[in-house]
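J.: Read off the chains here:
Number of protein chains: 2
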Amino acid sequence: MRILHVWAHPEPRSLNGSIATAIQKTLTDLGHQVDTSDLYRMKWKPQLDQDDFDVPDSATAFHPEKTSREAFLSGWQSADIETEQRKLVQCDALVLQFPLWWYSMPAIMKGWFERIYAYGFAYGVGEHSDTHWGDRFGEGAMSGKRAMTVVTTGGWESHYSGRGVNGPIEDLLFPIHHGLLFYTGFDVLPPFLVHRTSKVDAECFDDLSHRLNRRLENLFTTPPIPYRPQNGGDYTIPALELRDGFEPGHTGFGIHRTE
Amino acid sequence: MRILHVWAHPEPRSLNGSIATAIQKTLTDLGHQVDTSDLYRMKWKPQLDQDDFDVPDSATAFHPEKTSREAFLSGWQSADIETEQRKLVQCDALVLQFPLWWYSMPAIMKGWFERIYAYGFAYGVGEHSDTHWGDRFGEGAMSGKRAMTVVTTGGWESHYSGRGVNGPIEDLLFPIHHGLLFYTGFDVLPPFLVHRTSKVDAECFDDLSHRLNRRLENLFTTPPIPYRPQNGGDYTIPALELRDGFEPGHTGFGIHRTE
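Sequence lines, in order, name chains A and B.
Just so you know, we're using the working numbering here: the first sequence kicks off at 19 and counts up by one.
Just so you know, we're using the working numbering here: the second sequence kicks off at 19 and counts up by one.
If we strip away everything but chain A, and leave its shape as in the complex, we get (with noise of 0.2 Å):
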């Protein structure tokens, strides 16, 4: 299979740069094929603006949305965007990277999805009516790939349980797993993390690697975190909240998941 491994952190002699190491070999030792974006290697440039589209008539305002689409469209995005766009329409998998800065992903990995997430080929595709708002939540450009988030955190796990003062992990991870990814179409499997990063020694590090490895063994036939398709049935339209009948009362992140 083909995966595309998104990484980002500043410094390769990282336990970052050793992970991200440990996945290309593994992946492929496993028989994949493996492309890379290395964000801070390629200079990767974060911030969405109107150099990124060639359009003629640029004395009108730039309106994100718009441009991206008639960029997108038309052939007038920047070769760097299009190159992105094409390794994730051509993998098979994602394998995105990151150590968790702020409670969420760097920067630069934000800029990753900002500037190739054009309108057209991430969001504003597919019908809009009174039975399906958008291809979008378990539907999209990604449908029938899979990706999975390998994270680290400075802090102990216990600060990202259910009651930890940082919140729970997979809700801090929400936005990234649901609206980054299920939102295009990906399966998102459950998340690899490593903790408490300062602590991790050479043996720890064989622990991790050990682990890690299996997770991409079984990257292929691990159950992904069972979203509800928003086009499903389970969702009013256009409202977009959930029936009624789902999870009756209850709130939050928990409700959009079938389990």
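No wet-lab data here; the hints were simulated from the structure.
Do not take every clue at face value.
No copy labels: a pair is met if it fits in one copy or bridges any two.
What the hints assert, rightly or not - 30 Å max Cα-Cα, derived DSSO-like pairs, lysine-lysine:
#	residue 1	residue 2
1	Lys-217	Lys-84
2	Lys-61	Lys-105
3	Lys-163	Lys-84
4	Lys-84	Lys-105
Position chain B against the provided structure of chain A, taking the given hints into account.
T.: For chain B alone, coordinates are given in the frame of chain A:
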């Protein structure tokens, strides 16, 4: 009072540009001194990397935490970082304005926090003991200051409701309100939200401006979101889990508010 207005949108001739102008005018009319960080026009560098630090011994591996601490303490930070830190220290309140892109702030704004929130300035401060786990979540360099987010979304209000498909807006903003702002000691006010931006016409903008003006007039009197201070006794230390007596049986972001 002195207010720092930080905003991010690539096009000044946009709804966010109009809101930014309105915020600056209103705050000035109210007699405040307004500092502005217009991240796109400043061409703010979003990615945290070794170039941020003029640390002498750069042959050793770059470590974001350790290097940022050393640079902060030794005056080896880049000038743009120092300038923004000074603006934060000098302000009485922060108004943080952005369009919600992929369920979070734009990359350029995330990178503003990543680069200026140095170790020793925004985190890694205060005593770590059996009764106090750093000056954070209610204590820290920003204690006594207030913060309010002003957030625009393309989606409908119902899509961001308690049972909306995107997840509740207060949960999507939790990593920002609680994880970035309350973490360093800010009193965080309820956000000012503008939904369905493509439908905002002149009449709607008038109404929006009026409501926003009321919020700005009450910037120093509006009750903040009642997040629980980390070191006030509600959490176990060092596990940092909410004690059994509070919100028994519940998990998630909501338990970190006292209401």
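J.: To test your reading of the hints: which numbers does this structure violate?
T.: none
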